[in-house]
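If you read the sequences in order, they're chains W and Z.
First residue of the first sequence? That's 1 in my numbering, and the numbers climb one at a time after it.
First residue of the second sequence? That's 1001 in my numbering, and the numbers climb one at a time after it.
Rather than coming from a laboratory, the hints here were simulated on the basis of the structure.
In this text, a Cβ means the ideal position worked out from N, Cα and C, and glycines have one as well.
Be careful, since some hints might not be right.
Claimed, not checked - Which chain W residues face chain Z? A few, computed with CB under 7 Å, are given here:
#1 E134
#2 K137
#3 L219
#4 K239
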Amino acid sequence: MKILVCIKQVPGTSDVQVNPVTGVLIRDSVESKLNPYDLYALEMAFELTAKYGGGVDVITMGPPQAKQAACEALWMGAESGVVVSDKRFAGADVLATGYTLSQGIVKMGKYDMIICGKQTTDGDTAQVGAEVAEFMKLPHAGNVLAATDISDGKVTFIVNLDDSVVTERLPLPCLLCVDGDINTPRLPSYKRKKELGDGMISTIMLDDFSDKDEMNYGLTGSPTNVERIFPPERHEEKKMLSGSSKELSDKLYELLREHKFI
Amino acid sequence: MPYLHIKQDRITEQALKQLIDVCPFGAIGAEGGKLYIDSSCRMCKLCVKKGPPGIIEYIEEAQKKSVDKSEWKGIAVYADHRSGHIHNVTYELIGKARELADVCGVPVYALMAGSDIKAAARKLLYYGVDKVFVYDYPELAEFKIDIYTNVFEDFIIKVKPSSILVGATNLGRTLAPRLAARFHTGLTADCTKLEMRNNTDLVQIRPAFGGNIMAQIVTPRHRPQFCTVRYKIFSAPTPTKTPAGDIIYMRINEKRLKSVYEIVNTEEKMKEGDISDADVIVAVGRGLKSKADLSMIEELAGLLGAQLACTRPLIECSWFGPKQQIGLSGRTVKPKLIITVGISGSVQFAAGMQGSDCIIAINCDPAASIFDIAHYGICGDLYEIVPKLTQHIREGRANGL
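The task is simple: from the sequences and hints, build the whole structure.
Okay, structure coming up:
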């Protein structure tokens, strides 16, 4: 079993605000971390290879610093990692990101299974995994809770649909997007960190891809455009009620009657 | 390919500092007095717009050619259903599609795929669609991604809708990205607001960074324009008395209905009191001191016929199950009334409930951010107000009110 896990480096906090006057993002911290949802994907990959043999590689797309995320996966147990990084990938939306990753994966080699996390904590779209699958012409499943069996070139897994839980079987190779909280991810090992450092991480660029047309990547390759960002609306009509507790509860009672909730 | 051009000769120390500060992605740095932009750059152009003028320029070279927008007409809604039982998000999206379609005078379509769904398809005719396109095949009895994608693709090629709205259910989130990738077009997830321009560009607004920021997104050169919308973001229209619109049965090459997916087993989830369907909700937060105090809140909820819900911290200390959590990592609710008790109102919580028709907040801190979104703010001690209110309701009932 050769398994590839797609990971991403995300900001350490999503606690950012927009200055309502200038429209500029205010970030308290620029620290980064490995996307928490990817930890479950990694853990599932490690557990599957422990059971069925083989190894886990990781791929990530981002600035050169994203290497740190790949290192973390390496120290958790991955064999090698690739950082897909190029200035020409800047401004990529869901489609361009999915396409860039799929080009990177083809470059890396053949895998029996690709596993992605549910979503990232910064983009929050939960759509890149499925787009990678489509570009690679692989079958995929979303909201996977567990992979219960691999035999005869097929994988059996459990999917969390909205009002049912479905057990499905797919031929390998395929791509699975896993839900959050499905296992207990292991911590990076200090020993592996000491032994491996960042030795098994390489970087690939646009020139390494089979499709070298710049128009398909980054901002130009992105069908969607962000026109503007702005702070969320505050509700205009609001009424603060004041008084003693008795007065407040009386007012509240009248309010509920007025709106026919009592 | 557009790029950012740096005029190194115009850089002053102060300008450099301003530029480094203005970049939300930390992509701007300096080395040996020279400014550089690394690949963390997302091309947000804030350095051009908000930085010191004349230093960084946005140079636009060739752009991808736009499709001929006049070839793509109408707004399509994917009818999300299970064995003919239609998910309410479908009606909400049809209602919104109608509004959007009326801006530029285009039709509203619904796409429905499944097996033995003729009766279910007719239900859609009470909500304002012009045409319902139905793929009724035994092979489509269960949701299988590959053949559902094929059917959807067939529909898009034949009907050419300009915009496609898909409910952000687990099923919709699986289907929409596959199609967007197949058509090499844009997809905007979890939109909370949609507007239509006269040139049929769909303006999609969605929260980013955990709801701290709203982003306005367009797909100016590609068709169709895909977006997903969560359940309860828009309101379902009142059904009309008589059906209107046509049902069109579609044919597809049987070869395209061969799936590699095997469904081994399907288990229904346990039905629990679902807060996302509730009309009235009483939500509690960390203002409540102990679990025993919940009984007083339960009593109020009982009198109002309300569902109980909570914030994330109360899930973490196991006072409630995860299905009762409101917020970005929990459920989105849109009740007619929500009373928040002892909730400060983090943005994550607010993102899950600010669409409610009437928000009443009880909190002892006058500066709590919940009061920014509440329609009625009650600044006081919940331990006094809630028991007095329940007593008042009881007495009122006893007096026949």
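Hints and how they fare:
no.: 1; hint: E134; result: 4 Å, holds
no.: 2; hint: K137; result: 10 Å, violated
no.: 3; hint: L219; result: 5 Å, holds
no.: 4; hint: K239; result: 5 Å, holds
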